[in-house]
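Protein chains in written order, with UniProt numbering: chain A, 1 to 492; chain B, 1 to 159.
Hints are computed from structural coordinates only; laboratory data are not their basis.
Keep in mind that this is a model prediction, so the values were computed, not measured.
Heads up, some of the hints might be wrong.
Said to hold, decoys possible - Cut-off 30 Å, straight-line C-alpha distance, at most; resulting in silico cross-link-like pairs (DSS-like, lysine-lysine): (1) Lys-127/B with Lys-422/A; (2) Lys-85/A with Lys-71/B; (3) Lys-46/B with Lys-422/A; (4) Lys-110/A with Lys-149/A; (5) Lys-85/A with Lys-63/A; (6) Lys-375/A with Lys-127/B; (7) Lys-85/A with Lys-122/B; (8) Lys-382/A with Lys-36/A; (9) Lys-122/B with Lys-273/A; (10) Lys-85/A with Lys-268/A; (11) Lys-34/B with Lys-382/A; (12) Lys-3/A with Lys-268/A; (13) Lys-3/A with Lys-375/A; (14) Lys-268/A with Lys-30/B; (15) Lys-10/A with Lys-60/A; (16) Lys-273/A with Lys-67/A.
Unchecked claim - What follows is a list of derived Cβ distance ranges for each label pair: (17) Lys-422/A with Asp-50/B: 26 to 32 Å; (18) Lys-46/B with Asn-485/A: 49 to 55 Å; (19) Asp-50/B with Leu-289/A: 21 to 27 Å; (20) Glu-93/B with Lys-273/A: 40 to 46 Å; (21) Pro-302/A with Leu-106/B: 35 to 41 Å.
To be verified - Here's a subset of chain A near chain B, in silico, CB distances under 10 Å, partners left out: (22) His-238; (23) Pro-250; (24) Val-251; (25) Glu-291; (26) Gly-328; (27) Thr-337; (28) Ala-363; (29) Leu-368; (30) Leu-452; (31) Ser-453; (32) Asn-455; (33) Leu-457.
Think of the CB as a built atom: it goes at the ideal place given N, C-alpha and C, for glycine as much as any other residue.
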Amino acid sequence: MNKLSSYTIKEIHRAYNDKFLTPTNFIDQCIERAKKTSGFNAFITLTEDLARQQSVVSEKRFKSNSKIHRLDGISVGIKDNFCTKGISTTCASNMLKNFVPTYNATIYSKLLDAGACVMGKTNLDEFAMGSGTVDSMYGPSKNPWCLDKNWRIAGGSSGGSAVAVSSGACVVAIGSDTGGSTRNPAALCGIVGFKPTYGVVSRYGLIPLVNSMDVPGILARKVEDIAATLNCIAGPDHLDSTTIQQTFSPVCIRSDFDLAKIRIGIPKEYHCKGMNEEVLETWQFVIDLLERECIISTVSLPHTSVSIAVYSILNQCEVASNMSRYDGLEYGHRADTDYSTEELYASTRCEGFNNVVRSRIFAGNYFLLRQNYEKFFLKALKLRRLISDDFRYVFNGVNRVDLLLTPTTLSDAPLYNDFVSKANRDQCALQDYCTQPANMAGIPAISIPIKLSKNKLPLSLQLMGPALSEELLLNVAKKIEDFVNFPTLNIS
Amino acid sequence: MSYRFAVTSILRDINRSHLYNYQILRNYSKVPTKPVETLESTNIPKTNLDQNTIALLERLSLVKFDTNQGKKVLEDSIDFASKILHIDTTEVEPLYTVLENENLKLRNDVITQGNCQVDILKNAVLKDDDYFVAPPGNIPLHEVEEKENAEIDKNESRN
């Protein structure tokens, strides 16, 4: 299994074709792995029977030599904020503990159509509000790179998805990314995490956090698996009016991809206060590698340093609005009180939400008060344009570059005890510094593991590109991946 | 290979800057050596919310501040957000959606779904035949009401 857990989708399919491995056998091994590593707390719900049934169907297709689907016999994990018909979808919140969707998220339907074997629903911070996967009602997820008693966080909010992939239980996992929630845990768990352009992948059935920034994300061990999965889930969706209407042309990872004419920008504002020395060294290390192959220049995105504060305003405003749907009447937790409707709402929401969610609702409603609306909310939207224009300028203006290379996080995975000693807002302010600007501008970004720190923990870098530059972004990411040859985690 | 590269990059730098300061050349690096100066304002007066605002937010949010900690977290969030208010945004249009230049498709106004009553009721904790069940409406929140009454009493006794 240890060897198998480093296989790419292509290699697994080759093994299926060569009869050296069968889908049922492989999925059994994945389930076994998920159970053995349950201490990392990657899954909220393990859908063992479903995965087995799907592997049987895949196996039939391989045996009968009929048309093989693109993800046939591939183990996939889904973050527990995507609706899955008949499978509990909790958002790691007491509010949705009893919620069983009656419909499928588009991304989930597409994965099923592609033959994927669904291993289960993965852990997250409650309603995806966090950057550590420490605020889940099912308990925190643990980083599989550190087995000490004094353990380290997985990152978040898609921490369960990252752990499921890096521990070998899944080949691919789906996360969501509002301010870095896919790239951050991928970076800390030593796998690849990809956030597509806003509107390329349907959000239908993704329980919303910040509608104007949420995108489904993909986590996998290798860039080519990210590309293969993206090709299955991307494209316009009549159920999500914010998907980009043009047909999605599948991305192709080319082995003969030429870096020579690629211009990569190093935005100087991404060296912020508190950035770890080893992260800076890793950044320089890859710049040195790339400088032999392509054109590197220093660029400036002047509004980067305010992006996190602007993000916090917009996030909390949209959260306040989005969370108003939870009242206990139609679905979700319902408090045991019948004095008045308002009292039922208030009690339900107090019992249902953790204090992070509640405090974001308060802050959002404060910024949206009549006397604050222009001062905070409109101001933040205007600054959002300046932040987004910074990107437009580096990608289109004079001395333009094709891609940007930055760190993903400010350090390697923090110790749980250190991390939880900070308030949620401070955690996010540090963890999301490098990742949320891409959400503000709606552009694609990918985190790639580069090397191990002195603590033997993954250090990762981020590539960002202009909207709809997925193919270029993934091809350059693949080149970097090949240069650095990051080790796969071996859990014995 | 890497040696040759180092030399070219140094030469490039010399050409660009016309500087022969070897100290600078030795530290030549594309990674900025110092953290960026933030544009955030560091001079933010501490927010202190009054009881009325708290009560208003509780009513609007339909959530209660259970402890003083909640109030403090909110005040911190406001202080954090206030760091960016000084930045000039004259004549900048708000960016509501990154797809502002895309043509987004509207669905035709035709019925595409239906017969899902059973499904829709499935997740309700309480139901009565084919209905959701709610307690009596139009009664303001307990606590807020009491607090307000207390305020009125205080004012009246003062008069």
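Each hint tested on the structure:
1. Under the criterion of a C-alpha separation no larger than 30 Å, the hint pairing Lys-127/B with Lys-422/A is inconsistent with the structure, at around 42 Å.
2. Using a Cα cut-off of 30 Å, the hinted pair Lys-85/A and Lys-71/B is violated, with the two alpha carbons roughly 39 Å apart.
3. Distance check on the hinted pair: Lys-46/B and Lys-422/A sit about 19 Å apart at the alpha-carbon level, within 30 Å; holds.
4. About 40 Å separates the Cα atoms of Lys-110/A and Lys-149/A, which puts this hinted pair outside 30 Å; it is violated.
5. Between Lys-85/A and Lys-63/A the alpha-carbon distance is near 29 Å, which keeps this suggested pair within the 30 Å criterion.
6. Between the alpha carbons of Lys-375/A and Lys-127/B the distance comes to roughly 43 Å, so the proposed pair goes past 30 Å and is violated.
7. Between Lys-85/A and Lys-122/B the CA atoms are separated by roughly 12 Å; this keeps the pair inside 30 Å, and the hint holds.
8. Between Lys-382/A and Lys-36/A, the direct Cα distance comes to roughly 50 Å. Violation of the 30 Å bound is thereby established for this hinted pair.
9. Between the alpha carbons of Lys-122/B and Lys-273/A the distance comes to roughly 51 Å, so the proposed pair goes past 30 Å and is violated.
10. For the suggested pair Lys-85/A and Lys-268/A, the alpha carbons sit about 46 Å apart, so the restraint of at most 30 Å is broken.
11. With a C-alpha separation of about 28 Å, the suggested pairing of Lys-34/B with Lys-382/A holds against the 30 Å cut-off.
12. Distance restraint check for Lys-3/A and Lys-268/A: the Cα-Cα separation of roughly 40 Å exceeds the 30 Å cut-off, and the hinted pair is therefore not satisfied.
13. Restraint check for Lys-3/A and Lys-375/A: not satisfied, since their Cα atoms lie roughly 56 Å apart, outside the 30 Å limit.
14. For the hint linking Lys-268/A to Lys-30/B, the alpha-carbon distance of about 9 Å falls within 30 Å, and the restraint holds.
15. A threshold of 30 Å between alpha carbons decides the hint, and for Lys-10/A with Lys-60/A the separation of about 19 Å falls inside it, so the pair holds.
16. A C-alpha spacing of about 53 Å is found between Lys-273/A and Lys-67/A, which places the hinted pair above 30 Å, so the restraint is violated.
17. Checked against the hint of 26 to 32 Å, the pair Lys-422/A and Asp-50/B passes, with Cβ atoms roughly 28 Å apart.
18. Lys-46/B and Asn-485/A have their C-beta atoms about 51 Å apart, which keeps the hinted 49 to 55 Å range intact.
19. A hinted range of 21 to 27 Å is violated for the C-beta pair Asp-50/B and Leu-289/A, which are about 57 Å apart.
20. A hinted range of 40 to 46 Å is violated for the C-beta pair Glu-93/B and Lys-273/A, which are about 31 Å apart.
21. Here the CB-CB span from Pro-302/A to Leu-106/B is close to 37 Å, well matched to the stated 35 to 41 Å.
22. Hint status for His-238/A relative to chain B: holds, with the closest Cβ pair at about 6 Å, below 10 Å.
23. Checking Pro-250/A against chain B by beta carbon gives a least distance of about 20 Å; that is not within 10 Å, so the hint is violated.
24. Checking Val-251/A against chain B by beta carbon gives a least distance of about 20 Å; that is not within 10 Å, so the hint is violated.
25. At its closest, the beta carbon of Glu-291/A sits 7 Å from a beta carbon of chain B; the interface hint therefore holds under the 10 Å criterion.
26. About 7 Å separates the beta-carbon of Gly-328/A from the nearest beta-carbon of chain B, less than 10 Å, and the hint is met.
27. Restraint check, Thr-337/A versus chain B: the minimum CB separation of about 7 Å is within 10 Å; hint holds.
28. Given hint, Ala-363/A at the interface with chain B, holds; its Cβ is 4 Å from that chain's nearest Cβ, closer than 10 Å.
29. At about 8 Å, the closest approach between the beta carbon of Leu-368/A and any beta carbon in chain B falls short of 10 Å, and the interface hint on this residue holds.
30. Because the smallest distance between the Cβ of Leu-452/A and any Cβ of chain B comes to about 19 Å, over 10 Å, the interface hint for this residue is violated.
31. A hinted interface residue such as Ser-453/A counts as satisfied when its beta carbon comes closer than 10 Å to some beta carbon of chain B; here the least separation is about 17 Å, so the hint is violated.
32. Residue-level restraint check for Asn-455/A is violated (minimum Cβ-Cβ distance to chain B is 21 Å; threshold 10 Å).
33. About 20 Å separates the beta-carbon of Leu-457/A from the nearest beta-carbon of chain B, more than 10 Å, and the hint is not met.
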